[in-house]
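Here's the letter readout for the chains.
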Amino acid sequence: MRETLWWAIVTIMGIVIEASIKGIGAFLPALILSLQRERRIETFFLGVLWIIIQNGISNLPFGIISLWYLSVILFFFWMKNYLASTSIIFVSIISLCSCICYLISIFAISALEEIIIPTHIIFQNALKQLFLFPIIWKLYHFLYYKYFLKEDNAIF
Amino acid sequence: MKGFNSIIRAVLLAFFLYLVVFTWNWKTGVLDKISSQVGLEFVGKILYPGRWIERNCCELWKDYIALRHVREENKLLESELKRLRLEQMSLQVKEREWRRLIHLLHFSPLPSWNFLGARVLFYGIGPTNVLNSFTIDRGSKGGVKKDSPVILPSGLIGRVIKVSAHYATVLLISDSNSRVPVIAVKSRTRGILQGEGSLSCMQVLYIPYTAPLKAGELFVTSGLGGIFPKGIPVARIKKIEENPSSLFKKVIVTPVVDLANIEEVFILIPKRTQIPSSLSRGKRP
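First to last, the sequence lines map onto chains A and B. Number 70 in numbering that gives the first Met the number 0 belongs to position 71 of the first sequence; there are no gaps in the numbering. Number 219 in numbering that gives the first Met the number 0 belongs to position 220 of the second sequence; there are no gaps in the numbering.
FYI, nobody ran anything at the bench for these hints, they're computed from the structure. Values in this document were obtained by computation on a predicted structure and should not be read as measured data. Ideal placement from N, C-alpha and C gives every residue a C-beta, glycine not left out. Treat the hints with care, as some may be off.
[As the list claims (entries may be wrong)] To give a feel for the contact side, a few chain B residues facing chain A, derived at Cβ under 10 Å:
hint, residue
1, Ile-6
2, Ala-9
3, Leu-16
4, Tyr-17
5, Phe-21
6, Gly-28
7, Leu-30
8, Gln-36
9, Glu-40
10, Leu-46
11, Gly-123
12, Thr-134
13, Ile-160
14, Lys-161
15, Leu-170
Between the sequences and the hints, there should be enough to build the whole structure, so can you do that?
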């Protein structure tokens, strides 16, 4: 119940952050937090829900968000072999990867669907993603460990 | 090495699954519909109360300011009302004449439209909202459909590209992916209006080199293409560039609507085909 409440709050927070800062994706840092907790079924359902929400409000074709999230998740599992997944260096590398994957997925799918996209806005969004990703992740991380995690459930 | 192989296998499997889902959705559009219904509804329901409070607070303040000028404005409106009543009388005579002529010529009646008012809920949210669009608080329950035209009293704004039960996303005419068939009011030259991403500048394509166009001329929707009804003002000519090596003129236009500051809009919903009794008697030869 506590967990469900936490993820519901994160979802609402994500929407509010996205509405406040134009062009930023606030669900991917939350997905990384979920991956760090190593509850794969929970992560799967959250991922599906957030992909659906993000696609619903997007004005680009279906497939960009899922390709972007999928690439970052695969990169997460690969990087986890080399670094502690909760370290800030790890999250910074993930944010760089997220920025690159965002650009690749958006350009690939737009070319496939023959949609004209404003390149300068895409690059602006990618830069925002690069710099704000670790901050948003840190915010979720702080709130979760400060207010929602019970001591007996501690993982790290 | 074993770990590396398993990562490669996972990557290949993930992308194979992705391609299967992507292709299936491309053919059926099922996931598009689900995400429109769920995503738009969910975000709309969360943001709507906040926008409602913000709007009401702003309106309260605006009402207070407006009260200070209400007497002068009332006088102006009264004179405007008198002028419009006279104009209406003359237009009613013309309309009767038009109906009579249509009846004599056995033309089928033009489709008629209902106007549905809507408020702008939010402009692009999220990292993949990069096109010129906004979301309104009316959806399929109010009769809004994909491709429904969206207008203001002063002119065309765009068309609906995504619909959920209570919300819809509108693509502006200024977006690079938008095309609107238009016709010049005086010279009757036809062209295709294409957005260029900028809210104040667009281009009309395929204008013949010999077309007698002048700066300031108005373009309205031509009614071709079957999405926009004929005669909605769209844009005025800002600049005409002529290139001797090209068959077409480069016509730069500005929209008649201020696309940067839209708060309320009208959505055009086609009425069920109702043939007026005066016209239904006239049969086509």
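Each hint, compared with the structure:
Look at Ile-6 (chain B): its Cβ gets to within about 6 Å of chain A, closer than 10 Å, so that hint holds up. Below 10 Å, beta-carbon pairs count as interface contacts, and Ala-9 (chain B) has one with chain A at about 7 Å; its hint therefore holds. Evaluation of the Leu-16 (chain B) hint against chain A yields a held restraint, the C-beta minimum of about 9 Å falling below 10 Å. With its C-beta approaching chain A no nearer than about 6 Å, Tyr-17 (chain B) sits inside the 10 Å limit, and its interface hint holds.
The criterion of a C-beta within 10 Å of any C-beta in chain A is met by Phe-21 (chain B), whose closest approach is roughly 5 Å, and the hint holds. Restraint check, Gly-28 (chain B) versus chain A: the minimum CB separation of about 8 Å is within 10 Å; hint holds. About 5 Å separates the beta-carbon of Leu-30 (chain B) from the nearest beta-carbon of chain A, less than 10 Å, and the hint is met. Because the beta carbon of Gln-36 (chain B) sits about 7 Å from the nearest beta carbon in chain A, less than 10 Å, this interface hint is met.
About 8 Å separates the beta-carbon of Glu-40 (chain B) from the nearest beta-carbon of chain A, less than 10 Å, and the hint is met. For Leu-46 (chain B), the interface hint holds, the least distance from its beta-carbon to any beta-carbon of chain A being 6 Å, beneath 10 Å. This hint holds: Gly-123 (chain B) has a C-beta 7 Å from the nearest C-beta of chain A, less than the 10 Å allowed. Checking Thr-134 (chain B) against chain A by beta carbon gives a least distance of about 7 Å; that is within 10 Å, so the hint holds.
Satisfaction of the interface hint for Ile-160 (chain B) is found here, the shortest Cβ-Cβ separation to chain A being roughly 7 Å, below the 10 Å cut-off. Because the smallest distance between the Cβ of Lys-161 (chain B) and any Cβ of chain A comes to about 7 Å, under 10 Å, the interface hint for this residue holds. The beta carbon of Leu-170 (chain B) is positioned within 10 Å of a beta carbon in chain A (closest approach about 7 Å), and the interface hint is therefore held.
Of the numbered hints listed earlier, not one is contradicted by the structure.
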